[in-house]
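Trainee: Assemble the whole structure, with the sequences as input and the hints as a guide.
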Amino acid sequence: MMCRKIRRMHLFFSRKMSMQLNSGHGSLLRRVDMAVKLSPLERIQRTLNFQDVDFVAAGEIIQNSGLIDRFVDREVRNDWTLEELASTYRELEIDVGMLMASASTPRIEKRHGITYQVSYWSEWVTDRPFDDVKGLKRFLENLIVEVKGSRPDEIWSYAGKGGILGQGFDDYGKYFAYLKKKISPAIPCHIESPIGLDVIYNMAGWELYSYLLADDPGIISETFEALNEHEVNRVHLIADSDISPLVIVYCDIASKHDVILSPLYLRAEFFPRLKRLVEAWHEHGIKVIFHSEGNLKKVMDDLITCGIDGINPLEPENISLEYVRKNYPKLVLWGGIDDKTLLPFGTEDQVEEAVKSAIEVCSNGGLILGASGEIHPEVKPENAVALFRAAKKYGCMNSS
Numbered sequence: 001m002m003c004r005k006i007r008r009m010h011l012f013f014s015r016k017m018s019m020q021l022n023s024g025h026g027s028l029l030r031r032v033d034m035a036v037k038l039s040p041l042e043r044i045q046r047t048l049n050f051q052d053v054d055f056v057a058a059g060e061i062i063q064n065s066g067l068i069d070r071f072v073d074r075e076v077r078n079d080w081t082l083e084e085l086a087s088t089y090r091e092l093e094i095d096v097g098m099l100m101a102s103a104s105t106p107r108i109e110k111r112h113g114i115t116y117q118v119s120y121w122s123e124w125v126t127d128r129p130f131d132d133v134k135g136l137k138r139f140l141e142n143l144i145v146e147v148k149g150s151r152p153d154e155i156w157s158y159a160g161k162g163g164i165l166g167q168g169f170d171d172y173g174k175y176f177a178y179l180k181k182k183i184s185p186a187i188p189c190h191i192e193s194p195i196g197l198d199v200i201y202n203m204a205g206w207e208l209y210s211y212l213l214a215d216d217p218g219i220i221s222e223t224f225e226a227l228n229e230h231e232v233n234r235v236h237l238i239a240d241s242d243i244s245p246l247v248i249v250y251c252d253i254a255s256k257h258d259v260i261l262s263p264l265y266l267r268a269e270f271f272p273r274l275k276r277l278v279e280a281w282h283e284h285g286i287k288v289i290f291h292s293e294g295n296l297k298k299v300m301d302d303l304i305t306c307g308i309d310g311i312n313p314l315e316p317e318n319i320s321l322e323y324v325r326k327n328y329p330k331l332v333l334w335g336g337i338d339d340k341t342l343l344p345f346g347t348e349d350q351v352e353e354a355v356k357s358a359i360e361v362c363s364n365g366g367l368i369l370g371a372s373g374e375i376h377p378e379v380k381p382e383n384a385v386a387l388f389r390a391a392k393k394y395g396c397m398n399s400s
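So the sequence shown is numbered by the numbering used here: it starts at 1 and just counts up by one.
Among the clues, some could well be false.
[Said to hold, decoys possible] 25 Å max Cα-Cα, derived DSS-like pairs, lysine-lysine: (1) Lys-275 x Lys-148; (2) Lys-37 x Lys-180; (3) Lys-380 x Lys-340; (4) Lys-137 x Lys-180; (5) Lys-326 x Lys-275.
For the record, the hints were derived by calculation from the structure and aren't laboratory data.
Mentor: In structure tokens, the structure reads:
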């Protein structure tokens, strides 16, 4: 217990020193003359509009017991509670969070006949009720009926019908009122909004999905349309800018080398539905950050045409902060600090240098600093602390 208190005191004094450095030459950027420190909500709102902020905004997914353990009075062994997760956000002064939930209980679940292995921080398909194209086609025909018959407020994610990683929202407004109270002063994103394509390919598996796409693209298009139409209708039912000013709209469409599906296919099937979903959120005054891992360079112009406001997670090895800011300067950038090599294996000094570089690249604003994915279990806790400490140390920002 005493060691834990010493660690917390050390972090407190590190933050105090960072604030003192920011008042003088320690800051890379000119301090904004603001009489009152911005709240996380104000900081995010102003960041989304490329307005002046006091410090660079920070946003994150945290699924790392070693990090959470630093800020609670017990040993966390992949069993954190929402309250303990919220305490970590507060201690690190993170403004906005995604996937904010207690650690999941490891288990095996069946949904729609598909078997899922659930771990404390992720889940994946281990078995499917079909093993050929004919079986997959029947499955999708039944899925279309199920989607069209589901409650209007139900979400269809890559994990099937329902929330991801323990998030619950049978009553969306009530759930978010509870969540906002728990994590205050940090704010949540709206629940991650699926476009629909990855719902299909995760359920199908890539091999059978590819065969069916060649044999009968119509059934995939029909399934995609049912899922996308349902999500657009759900957005109009639940979207509220008072809950959160931003949402992640997601679908992984790229590998580290290129887009997974041809640009021609994406332009025919994916981008029109992405645009429709973006427009639905915009109708309610909510900014849209598009999430896809991988190298998106070949389709960035298409994403811009869809009306997205920003992009995440910006893996340096695939599509970096520098590349996007140079070529698409009006996009809000969320992420950018390497979570594959730097955060798991680098040093605190190296993390600090990466943060300084990100802030310099985005000196005109529009940056939500974070990992290029998440603070996953392999990230060194001290490197995660260094990331957010450096955000305050060097992150005085001005859009002019």
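Trainee: Against the earlier hints, flag every one the structure doesn't satisfy and list their numbers going up.
Mentor: Structure breaks hint 4 only.
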